[in-house]
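S.K.: The whole structure should be built from the sequences, with the hints applied where relevant.
Chains as they are written, first to last, in the working numbering: chain A, 1 to 300; chain B, 1 to 238; chain C, 1 to 342; chain D, 1 to 419.
Some hints here could point you the wrong way.
Derived DSSO-like pairs (lysine-lysine); straight-line CA-CA distance at most 27 Å [unchecked claim]:
id : chain 1 : residue 1 : chain 2 : residue 2
1  : C       : K98       : D       : K147
2  : D       : K413      : C       : K98
3  : B       : K74       : A       : K45
4  : C       : K48       : D       : K39
Think of the hints as simulated: they come from the structure by calculation, not from any bench.
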Amino acid sequence: MDLDTLTGCLASSACLVTQTTSGFIIGMLLFLVAVGLTLIFGVLKVVNFSHGAFYMFGAYFAMTAYQLTGSFALAMLCGAAGTALLGLIFERVFMSRVYGRDVLMQVLVCYAFVLIFDDVVRMIWGPEFKSMGMPAAFQVPPLFIAGGVVPPYYLLLISVALLAAIILGLGLSRTRIGKVIRAAAHNPGMVSALGINTGLIYGGVFALGGMLAGLAGALAAPVRSLTPGMGFSVLIESFIVTVIGGMGSILGALIGALLIGMIRSFGSLGFPLFTEGLMYLFMVIVLVSRPTGLFGKEVA
Amino acid sequence: MSAQPVVQVEDLDVFYGSSQILFGVGLSVRQGETMALLGRNGAGKSTTMKAIMGLAPARRGKVTLRGRTVSGLKPHHIARAGLGFVPEDRQIFPEHTVEDNLEIGAKKGPDGQDEWSIRRIYDVFPLLEPLRHRIAGRLSGGEQQMLAIARTLMGNPALLLLDEPSEGLAPIIVQRIGELLRQLRGTGATVLIAEQNMHFCLGLASHATVIDKGQIVYTSGIEELKANENIRQRYLAL
Amino acid sequence: MTELQAEQASKVLDNSVTQAKPRPNRDALIALAVFVVLALLPMLTSSKFLLDFVIRCAAYGLFATSLNLLVGYTGLTSFGHGMFFGLGAYGFGLMMQKTGVAVPVAFVATLAITFVVALVIGAICVRLKEIYFAFVTLAFQMLIHSTILSWVSLTGGDQGLRGGIPRPPFLGIDLSNHLHLYIVSCALLVIGLFLMHQIAQSPFGYTLRMIRDNATRASFIGIDVWRAKLTIFVLAALFASTGGIIMALFVSGAYPEFAYWTISGEGIFINMLGGVTTFLGPMVGTALFLILNDTVTRVTEYHGIVLGIVILFFAIGLRKGLMDFVIEWYAQRRERSGERAS
Amino acid sequence: MTRTRKPGISRRSTLALMGAGAVTFAAPWVARAQAKTIKVGMPTILSGRVAQLGTSSRNGVMLEVEKVNAAGGLAGRQIEMVIRDSKGQPQEAARVARELVNTDGCELLIDAEASSGAFAVHEVARDLGVLCIHTNSETSALTADPKQHIPNAFRTARQGVHDSIVGGSYAAAISKAKGLKKWATCAPDYAYGRDTTGEFTLYLKRFAPDVEIISESWPKLFQPDYTEVVTKILQAKPQALYSCLWGGDLTSYIDQANIYALFTQMEVFAVNMADYTALTVVKNLPKGIHSGNRYIKTYPATAENAAWGDAYKAKYNEYPTNWSWENATAIMLLAEASKKANSADGKKLAEALRGLKIKSPFGADGTVTMRAEDQTLIGYAIGWGTTIPQEPYVPEVKPGDWKTILELEAEWKKSKGYT
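M.R.: This is the structure we're talking about:
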């Protein structure tokens, strides 16, 4: 424990700004992965244990696109679009066969694909870790805000993630398709009796979730090393986020992700050797006091 | 009235698990008719409705909608073929507003009809208009029933399936729903109502079919049923 | 479980109910016979590989079967059962390394520790339902794993308990002798399975099935659901811990991997492979899993793909575990032959 | 499954062929020459996060085995490698090692596992008495702790404490020259990270007593995001930073620290930087990072070393790793020992290995020695230098002095109660 550093930081504005933004950076990227997870659970009632693989594919797709075209924007697009397509295929061909079945069966199908996807990446891109490299446009010195340090690339990252959060939030509450998705989450049978193809909704939601994870992977690719299995630790953290925020709640995913970001950011100052444990401890406390998470609804 | 029935059900067998619920059920409803499907609790009314809608799996039999076989199709295909289903427990989307519920139900009819707009719904269901931004889960039972019917109408169905619309509602509300349905009938709608409440139907339907223990036991015009004390006593008395 | 599956499951179990009343004497005889056969095995073959395989079967089998007491019999989907496997391995290993007590003492003490830990964790977890129960057990597992990694002075952190586990001979049994270890593992396996079978066939076992099928109805007829769930949670933990002890003896050490979620995942996979509707399903699953793992890792380093496809075959293709499949097939055949006879 | 990269195809198919050749296809041929061949078992990590290192271990071994076999094998017996994946799990490593000996009839073991796996295999070696050479575990205790000692286990890997002595003295010299008093450390939170960091700071402070550690970070192994660690270090404003992150973690860390311009604000000492797996991967490698050598073909700057590195590159289309040379050394030592003992018998080989000094491209003075007292490798090339973003990456390496290393190591052992 190193509480002096922590209290010292809380007293300094420079440190507060830097650590808070670092909490935001960690949190927002986590949010992009977690929100897909929570959306898929909310609508499809499936716990997608293979979600980390989409993050991984997003990063690899982006890297390959970047190497081929040299365009950062295209790399992001490829990362997002590629994983959306992958999500759609995965849902239509495999996941759709285990809806309404035992949770164990669903988990196993996902588990199977965690194994398969990691090996597929190893076959295509090799076992060695890779790096995409930072686009030249962002190889600039960091900004100083109120004494705190903020790299421009992370500003972009936070903006994209926030934009995604806003579009998603508005899309789900304001558009007809968003309303239909929420209705399908609640009562798919009735939605289909109203003439709406729920299979399409499911596929779409899975593709959307995959796309968000892929986008997160693509955004992370310039600053994180790429390796088969890279999705795993991200998956675990996203789980903590969704469980804390409440499975199925998008607001919960946002709040949960930011909480975890802040715990990581400030926890590493105060408890450098138990930052990870701190997250699990927090999750246990939330689950015990509020089993459905902070924003989760009581399941019927 | 045209000769071709809007819906024709033939020889329907439905099982839940290993127990058989429906035994060769057959019925048909013609254009403009309001058919009452009567029977005691557990006679198989709801199952018949669900089977027509594709929500309960039929092991044998055939459902034809406007000349087209729909049995075996997925519910959303059946809905698009022109069936509008209002389930027994209404199943409105409780977290959406009234207007959102209507919006979700909106679609063109099987021949591209677009007769129902939210505006027209409010004209027909004036009670819903002031509630348009209310969260549907907070409506009263009667309001929810109206909303459920209105939501289905938004899909411009060729045939409306109503499952126990009067169930669990206060008599005064039941009466209002009845008026509403008569009004609908006036617009030329074709309706199949499953009901336990015979009196609710007698003033509403043009034809009646009686189901008992999963089998159709009687079919006639509504006036004949009114006259047939025997059938009413045997199958419909509580 | 979905209703349909619960229905299927209870049907199969109900069939066995009508046929097999609890018959502890008969079970004991069968257990004894199995033990004798296993104990004679080393005389028939000199293959150390086979003995190793049986020892590992004992460790994983006790773990997987105890998990099935939760998953299959009570409907408690635990994603964190592996923590007790790890607890057994670490508890026993540490006791032997640090205190130098006799093996049986360490064995009993480890079970006592497991009992206390399972009671505390279980008391918190079993209040939750379905996926939330799964998550909170997973969270506890990760917390324990994290603690093992952090508490280096006691556990050795990521390198595990180093330097081997001392195994002083007791009552003429020397566990550092491969053959002795083999016999003891077989004995623990057979006794463990026998006890778990008694639990499953006891009135308490039927209470558990009732809770699985309909907890509300069970509480209506006066069953204290929380208490019953907690009891089976703790009992299952004890058997999982025994499995962990066997594993610790086999590798002469304990590693954080034993308490990692992947062990729980493998337990679930084993249950799925063998099937959760029969008592011996998980045992069959264990053997299948180990054979699969050993052969596939031999042949290719892309074993993820192979294992993944096998899982898909069971989960999407067969839609049930092997033993479930066999039993259903057998029942159908009998039904058909019955029809022909009549 | 489509394979996209052209060079990848040839490399991977070579690997596949080689693996298959060694394990499967060779079998019938071996059967005829049963008495002639000697099977050597090798549990290593071929899948998961560190598969790259396991693969490079296999490559290092196979490169040498071919040479040894071409020259007549071990005392006239051709080596047949049986290489199995342990997935990096200790219990699997133990299981595979037992199986290799008990079922596959391997007479020797090359244990190419990471630390926890190495300790597990060590117990198997203790149990079965088979000759075992640990090739990858750098944890000093594996050979330094007499409780671990067994006569049939050797180590050909570098040792953490050697590394720290050289690193500490190198860093202290620079500290004094540049006046670096405030230091921060950042290491992965597991045994290797903790031990190496502890030993490094021990020797740093010994040689430069006024150095002060003002901040410590312990990210988790394989942590994807180091943002909070980077900002924490920035807050602490140290003059120098020590890190023993490695592989993908190190490159992630560099990429993330780069955009905070961390490398312009302090001197960075990253012991695992000068390894091709990191050097060739990082796109914007900052200039002037201090690093210890892992494997680099320009140090030792000898023709033998350069030739070995090039031969490896030619065969596998990638550069060797730290694990490659450590594994190659195991085979080189075995070959020499079998000549000395004129036998391929495990006991005789072990006897011959103790104190054996061989010529080696990886030796500080062209030789490496298997020290008899604790059966671990000494005399290998070890030094520190600063990086540049292109080949040769580390143009000048300041060699560590083995005399000092051995003196301080003896002292360290005493302080740990090992002697």
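S.K.: Next step is simple, just say for each hint if it's right about the structure.
M.R.: Hints versus structure:
| no. | hint | verdict |
| --- | --- | --- |
| 1 | K98/C x K147/D | holds, 14 Å |
| 2 | K413/D x K98/C | holds, 23 Å |
| 3 | K74/B x K45/A | holds, 20 Å |
| 4 | K48/C x K39/D | holds, 18 Å |
Violated hints: none; the structure is consistent with every hint.
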